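J.: Residue-level listing of the chains:
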Amino acid sequence: MDIDVKNLHPLEVKLLRFVKPGEDITEESIISGLGYKVGQCNQAFSWLSAKGCLEEVSRTKKTIYEMTDTGRSMKEEGLPAERIYSFLGENGPHTMPEIAEALSLEKSDVGSAFGLLSSKGALKLNEERKAEKAGDLPEEIKVQRAVLDRAAASGSLEEGELSAEERKAIAPLAKKRGASSSPFRIQEREVVVYRLTSAGEETRSAVIEANITGEEFGVLTPQMIQTGSWKNGSFRPYGINAPTSRLIPGRRNAYSEYLQWVKDKLIALGFEEFDGPLVENEFWNGDALFMPQFHSARDIHDVYYVKDPVHAKEIEEPWLSQVAATHENGWNTGSRGWGYAFDHEFTRRQVLRSQGTVLSAHQLTKAHIPGKYFGVVRCFRYDQVDATHGADFYQTEGIVIGKDVNLKNLLGLLKMFAEEIAGAEEVKYVPGYFPFTEPSIEVHIKHPVLGWFELGGSGIFRPEVTEPLGIKEPVLAWGLGIDRMALMHLGLNDLRELFTPDIESVRTRRGN
Amino acid sequence: MPKIEVPENIFYELLGKRMTDDELLDIFPVAKAELDGHDTEGHVIKIELNDTNRPDLWSAAGVARALKTYQSGKIPSYGFFSTKDDEKPSDGRIVIDDESAIGIRDYSIGFAAKGRTVDDELLVNLIQSQEKLCTNFGRKRKTIAMGIYRSELIKYPVHYAAVDPDSTKFVPLGMTEELSLREICEKHPKGRDYGHIVSSFPRFPYLYDDNGDTLSFPPVINSARIGAVEVGDSDFFIEVSGPILDDLLLAVSILACDMADMGFEILPVKARFAKDTPYGREITVPYYFQKPMSASLDLVHQKLGEDLSENECIEALARMGVHASAKDGMITVEVPEYRNDFLHGVDIVEDIMIGHGLGNFEPVMPADFTIGRLSPQEEFSRKVKGILVGLGFQEMMYNYLGSKREYIDNMHVSGDEAVFIANPMSENYEVIRPSVLPCLLESESVSGHAVYPHNIFEIGKITVKDPSDNSGTRTVDSLGFFSSNAAVGYNDAASYINTLMYFLRKEYTLAEAKDDPRFIPGRAAEIIYKGEKVGVFGETHPQVLESWGCSMPSIMAEIDLDKLMA
Numbered sequence: 420m421d422i423d424v425k426n427l428h429p430l431e432v433k434l435l436r437f438v439k440p441g442e443d444i445t446e447e448s449i450i451s452g453l454g455y456k457v458g459q460c461n462q463a464f465s466w467l468s469a470k471g472c473l474e475e476v477s478r479t480k481k482t483i484y485e486m487t488d489t490g491r492s493m494k495e496e497g498l499p500a501e502r503i504y505s506f507l508g509e510n511g512p513h514t515m516p517e518i519a520e521a522l523s524l525e526k527s528d529v530g531s532a533f534g535l536l537s538s539k540g541a542l543k544l545n546e547e548r549k550a551e552k553a554g555d556l557p558e559e560i561k562v563q564r565a566v567l568d569r570a571a572a573s574g575s576l577e578e579g580e581l582s583a584e585e586r587k588a589i590a591p592l593a594k595k596r597g598a599s600s601s602p603f604r605i606q607e608r609e610v611v612v613y614r615l616t617s618a619g620e621e622t623r624s625a626v627i628e629a630n631i632t633g634e635e636f637g638v639l640t641p642q643m644i645q646t647g648s649w650k651n652g653s654f655r656p657y658g659i660n661a662p663t664s665r666l667i668p669g670r671r672n673a674y675s676e677y678l679q680w681v682k683d684k685l686i687a688l689g690f691e692e693f694d695g696p697l698v699e700n701e702f703w704n705g706d707a708l709f710m711p712q713f714h715s716a717r718d719i720h721d722v723y724y725v726k727d728p729v730h731a732k733e734i735e736e737p738w739l740s741q742v743a744a745t746h747e748n749g750w751n752t753g754s755r756g757w758g759y760a761f762d763h764e765f766t767r768r769q770v771l772r773s774q775g776t777v778l779s780a781h782q783l784t785k786a787h788i789p790g791k792y793f794g795v796v797r798c799f800r801y802d803q804v805d806a807t808h809g810a811d812f813y814q815t816e817g818i819v820i821g822k823d824v825n826l827k828n829l830l831g832l833l834k835m836f837a838e839e840i841a842g843a844e845e846v847k848y849v850p851g852y853f854p855f856t857e858p859s860i861e862v863h864i865k866h867p868v869l870g871w872f873e874l875g876g877s878g879i880f881r882p883e884v885t886e887p888l889g890i891k892e893p894v895l896a897w898g899l900g901i902d903r904m905a906l907m908h909l910g911l912n913d914l915r916e917l918f919t920p921d922i923e924s925v926r927t928r929r930g931n
Numbered sequence: 057m058p059k060i061e062v063p064e065n066i067f068y069e070l071l072g073k074r075m076t077d078d079e080l081l082d083i084f085p086v087a088k089a090e091l092d093g094h095d096t097e098g099h100v101i102k103i104e105l106n107d108t109n110r111p112d113l114w115s116a117a118g119v120a121r122a123l124k125t126y127q128s129g130k131i132p133s134y135g136f137f138s139t140k141d142d143e144k145p146s147d148g149r150i151v152i153d154d155e156s157a158i159g160i161r162d163y164s165i166g167f168a169a170k171g172r173t174v175d176d177e178l179l180v181n182l183i184q185s186q187e188k189l190c191t192n193f194g195r196k197r198k199t200i201a202m203g204i205y206r207s208e209l210i211k212y213p214v215h216y217a218a219v220d221p222d223s224t225k226f227v228p229l230g231m232t233e234e235l236s237l238r239e240i241c242e243k244h245p246k247g248r249d250y251g252h253i254v255s256s257f258p259r260f261p262y263l264y265d266d267n268g269d270t271l272s273f274p275p276v277i278n279s280a281r282i283g284a285v286e287v288g289d290s291d292f293f294i295e296v297s298g299p300i301l302d303d304l305l306l307a308v309s310i311l312a313c314d315m316a317d318m319g320f321e322i323l324p325v326k327a328r329f330a331k332d333t334p335y336g337r338e339i340t341v342p343y344y345f346q347k348p349m350s351a352s353l354d355l356v357h358q359k360l361g362e363d364l365s366e367n368e369c370i371e372a373l374a375r376m377g378v379h380a381s382a383k384d385g386m387i388t389v390e391v392p393e394y395r396n397d398f399l400h401g402v403d404i405v406e407d408i409m410i411g412h413g414l415g416n417f418e419p420v421m422p423a424d425f426t427i428g429r430l431s432p433q434e435e436f437s438r439k440v441k442g443i444l445v446g447l448g449f450q451e452m453m454y455n456y457l458g459s460k461r462e463y464i465d466n467m468h469v470s471g472d473e474a475v476f477i478a479n480p481m482s483e484n485y486e487v488i489r490p491s492v493l494p495c496l497l498e499s500e501s502v503s504g505h506a507v508y509p510h511n512i513f514e515i516g517k518i519t520v521k522d523p524s525d526n527s528g529t530r531t532v533d534s535l536g537f538f539s540s541n542a543a544v545g546y547n548d549a550a551s552y553i554n555t556l557m558y559f560l561r562k563e564y565t566l567a568e569a570k571d572d573p574r575f576i577p578g579r580a581a582e583i584i585y586k587g588e589k590v591g592v593f594g595e596t597h598p599q600v601l602e603s604w605g606c607s608m609p610s611i612m613a614e615i616d617l618d619k620l621m622a
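Residue numbers (the numbering used here), protein chains in the order written: chain A, 420 to 931; chain B, 57 to 622.
These aren't lab readings, by the way, just hints derived from the structure by calculation. Please note: incorrect hints may appear among the correct ones.
[As the list claims (entries may be wrong)] Facing chain B, from chain A, some residues (calculated, C-beta under 8 Å):
id	residue
1	Glu501
2	Ile659
3	Gly669
4	Asn672
5	Leu685
6	Lys732
7	Glu736
8	Pro737
9	Leu739
10	Gly790
11	Lys827
12	Arg881
13	Glu892
[Said to hold, decoys possible] With a cut-off of at most 30 Å between alpha-carbon atoms, the simulated DSBU-like pairs for lysine-lysine come out as follows:
id	chain 1	residue 1	chain 2	residue 2
14	B	Lys124	A	Lys847
15	B	Lys59	B	Lys102
16	B	Lys170	A	Lys865
17	B	Lys170	B	Lys124
Here the structure is a predicted model, which is why all the values come from computation and not from measurement. Here a beta-carbon is modelled for each residue, glycine too, at the ideal position from N, C-alpha and C.
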């Protein structure tokens with residue numbers, strides 16, 4: 420049997436225990452037998468039918484005369500006709516208004532009752548135009564009285580139970596809907612007869628066997644604990660798979676959490692975090708990285724310029740002189756330089772940071788040796804915004820400085836990133852090109868989900884980068900493209916989604 | 057990154073054999089090339105070149121040369137290069153630069169080639185190589201412009217001068233009527249693209265032969281006669297002009313080697329300069345101008361972490377097409393004719409690395425012990441985030457660039473302290489956000505469908521003007537939070553602030569925030585910490601909500617975390 424009797428509602432349990440196999444089950448029998456309200460009864464029928472425990476045997480239409488509150492008080496106080504008849508019998512003739520006044524009846528009710536009674540010869544008007552008794556109470560009123568009395572016992576009468584005479588008598592007392600001023604309300608009702616199915620019989624036996632009564636405790640209240648009443652019974656087990664309600668928690672942003680995870684990984688690998696302002700100048704954004712001032716990536720169409728102030732006040736020395744000399748003739752780095760005249764105004768021009776490596780360059784001027792540094796920093800790129808390009812985005816970059824660090828260490832570092840941060844299955848290195856590193860290496864990885872892709876770029880900073888910034892030791896520089904992994908982690912395929920303002924979308928987003 | 061498209065058969069011919077795509081994928085990295093695609097129907101191979109300092113690799117011939125040399129270890133040799141002491145015969149072919157071009161576009165040099173009839177594919181390929189050199193290496197023709205001409209129509213010497221742009225006229229390629237140089241700048245498509253390079257000068261560069269027939273108006277357009285190269289031609293004159301002589305020499309060398317690889321005979325042409333150059337007043341082109349470069353074996357060992365022998369270094373360099381010799385612990389290279397990217401010994405080291413094979417270097421972890429550490433801002437931010445999440449707030453993340461309408465107009469603020477971009481790509485991204493609050497309001501404006509209350513926050517950077525800073529700006533780590541609901545009000549905001557400050561252990565006082573149009577007057581407060589204003593909060597002014605199209609009452613707050621941390 421696939422019904423877990425523990426999941427049955429007390430209304431169902433009690434019904435199952437109450438009925439016998441093969442017997443007719445009706446709303447009436449359940450209401451009178453178990454004291455259910457009509458609504459509870461309907462719920463129990465509907466739930467048990469849905470579970471296949473009950474089947475419908477027949478369905479018949481019935482007209483029910485339901486006694487209203489008016490009907491109940493009329494039963495106690497008497498019908499207007501009865502009351503007028505007995506009042507006049509006891510107190511002698513009275514005018515209509517006097518009767519209405521004395522019996523607290525509407526004048527119209529008194530009028531219509533008098534009309535009825537006088538037409539049957541029970542009352543008449545005398546010369547003083549007062550009503551007085553003239554004969555016996557008509558049979559019709561007596562029948563109405565009997566109907567009222569019978570109805571009072573069960574609250575309603577079924578049309579089929581009434582004689583032709585009774586039907587005629589009840590007609591003026593009943594109205595179809597609303598009218599609470601009438602003693603009866605006419606209800607068209609379907610009487611449905613159910614019977615236990617075989618599954619219902621099995622469930623019934625199981626309920627009895629499991630000793631579930633439907634009287635188990637529902638909600639545990641403070642009173643139950645204080646009085647100890649809970650000790651006198653058992654708790655109704657709840658359906659553990661019932662639908663849950665939606666909660667809206669305070670929550671971290673899923674992308675921000677991913678970036679935090681990356682940062683924590685890097686911390687664990689011994690890196691110290693750096694950060695910096697969004698507004699940079701051409702000196703740090705390009706010159707310090709030994710990118711010649713005429714480099715194509717430094718074109719007006721590749722970098723965002725700041726409108727005001729256009730220039731930084733000054734570039735720190737000795738870095739400015741040393742970098743300028745390196746560009747022009749190599750300074751004393753052993754390089755021949757780019758061989759052009761360094762533009763000292765252009766170098767102060769302010770831009771929005773276009774690459775994270777800028778902060779690595781800054782870090783060189785204050786680095787400890789040995790040292791490992793990283794930043795997850797926002798950069799700006801002059802690009803048309805689409806699914807794969809944002810106006811601003813995060814870059815993850817860093818450096819490793821040490822007396823003896825070399826290419827083999829760079830490969831080791833990349834392997835570590837590939838395994839620890841990307842969960843790579845295989846790692847492949849290929850020669851790359853960056854203006855500020857030589858040699859330069861790209862690392863491609865085989866990701867368990869994404870397949871082969873370029874995880875990052877790296878290299879050993881050129882002496883033309885490090886020496887003018889006061890570093891004699893070799894410096895490994897690396898950058899990781901983590902956005903692709905972040906998108907995969909978040910189940911997205913559009914970079915713009917990472918910064919969506921849509922609250923609902925952020926609320927429901929989660930990492931893998 | 058330069059990308060080229062090469063007809064299969066030209067590429068395979070240059071390689072000397074057919075190679076499968078898998079074989080190409082394997083070998084391409086030695087030229088820092090990537091297989092960008094292979095159109096097997098159109099028989100075109102697409103290649104992306106990553107080294108922006110190696111223009112010699114931006115052509116089919118260049119890539120093929122690198123691959124072939126790597127596989128064979130045989131360094132190609134080109135016999136047509138002149139040096140200072142070894143001048144190849146130019147047989148009366150000469151380009152004479154006039155002093156009028158000095159300061160405008162100083163030099164023009166060239167060479168001739170013959171011996172192979174160009175078909176469609178070869179011509180397209182040749183023009184592609186020329187375009188890559190002029191666009192990527194020559195910075196959109198600013199420093200290098202190149203013309204290919206029908207050599208048999210030219211009467212040497214060829215003259216290069218700067219001339220009057222209005223009286224000098226010729227029929228430009230692609231047109232049938234004679235135009236002045238100035239008219240070409242205005243009317244010809246190439247004139248509109250490139251005319252600006254020279255249009256500010258009183259005189260424009262002009263190339264013509266000894267008969268006075270026009271070759272071209274560099275760097276804009278060839279003439280329709282001598283400058284109209286077509287399928288079936290086999291004799292060419294190639295001319296390069298620009299302000300930087302070394303760049304021109306290199307461009308010529310690259311194209312000459314490429315054409316030699318394609319089976320052309322290269323015919324030297326003399327160049328007579330109008331001013332002194334490091335190579336004298338007269339040279340024969342193609343001209344070998346590169347100087348030897350050295351790297352100590354120590355540098356090699358230090359950078360690569362591998363004690364390669366002198367011979368291993370020399371063999372590795374040979375695979376890269378570089379002649380090298382070793383003496384007293386120094387490796388000295390003769391830079392190949394078509395390259396000029398050796399600035400420092402480390403450039404030799406990289407070639408040794410690639411030539412030796414990157415796969416032959418074992419990954420080793422750096423041995424130094426270092427301590428990992430978050431930035432103080434990050435640590436503090438995490439603390440703040442924890443408290444806000446506990447208070448039921450959803451963390452958001454936003455872009456930092458936006459429009460004036462969103463960041464300033466909708467907030468009813470002046471925008472005086474906002475930092476604008478001088479060259480915005482569109483007005484949607486024209487200013488760095490001066491506050492987190494407009495971002496939070498944008499969320500509210502697009503999230504009417506999300507169940508209320510909306511409790512959101514962000515910790516991110518904002519940028520404001522700050523005259524005391526060297527940059528005149530200050531980037532701030534800023535916390536913004538926002539709550540909207542039918543019943544939210546000032547007291548809720550004050551309670552959030554109070555709770556946050558309690559757990560951050562920050563003692564603060566409040567001052568009435570006057571004249572802040574973002575808030576309802578009298579229902580906003582400034583947060584004072586250590587005597588300084590560090591933030592503001594209050595009930596959002598309905599005029600702000602209206603501007604954003606929001607209809608739910610809200611409170612918002614913004615705090616300068618850098619100042620609060622101090």
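J.: With reference to the structure, classify each hint as holding or not holding.
T.: We went through each hint and held it up to the structure:
{"no.": "1", "hint": "Glu501", "verdict": "violated, 59 Å"}
{"no.": "2", "hint": "Ile659", "verdict": "violated, 26 Å"}
{"no.": "3", "hint": "Gly669", "verdict": "holds, 4 Å"}
{"no.": "4", "hint": "Asn672", "verdict": "holds, 4 Å"}
{"no.": "5", "hint": "Leu685", "verdict": "holds, 7 Å"}
{"no.": "6", "hint": "Lys732", "verdict": "holds, 5 Å"}
{"no.": "7", "hint": "Glu736", "verdict": "violated, 13 Å"}
{"no.": "8", "hint": "Pro737", "verdict": "violated, 16 Å"}
{"no.": "9", "hint": "Leu739", "verdict": "violated, 12 Å"}
{"no.": "10", "hint": "Gly790", "verdict": "holds, 6 Å"}
{"no.": "11", "hint": "Lys827", "verdict": "holds, 4 Å"}
{"no.": "12", "hint": "Arg881", "verdict": "holds, 6 Å"}
{"no.": "13", "hint": "Glu892", "verdict": "violated, 10 Å"}
{"no.": "14", "hint": "Lys124(B) <-> Lys847(A)", "verdict": "holds, 23 Å"}
{"no.": "15", "hint": "Lys59(B) <-> Lys102(B)", "verdict": "holds, 7 Å"}
{"no.": "16", "hint": "Lys170(B) <-> Lys865(A)", "verdict": "violated, 49 Å"}
{"no.": "17", "hint": "Lys170(B) <-> Lys124(B)", "verdict": "holds, 24 Å"}
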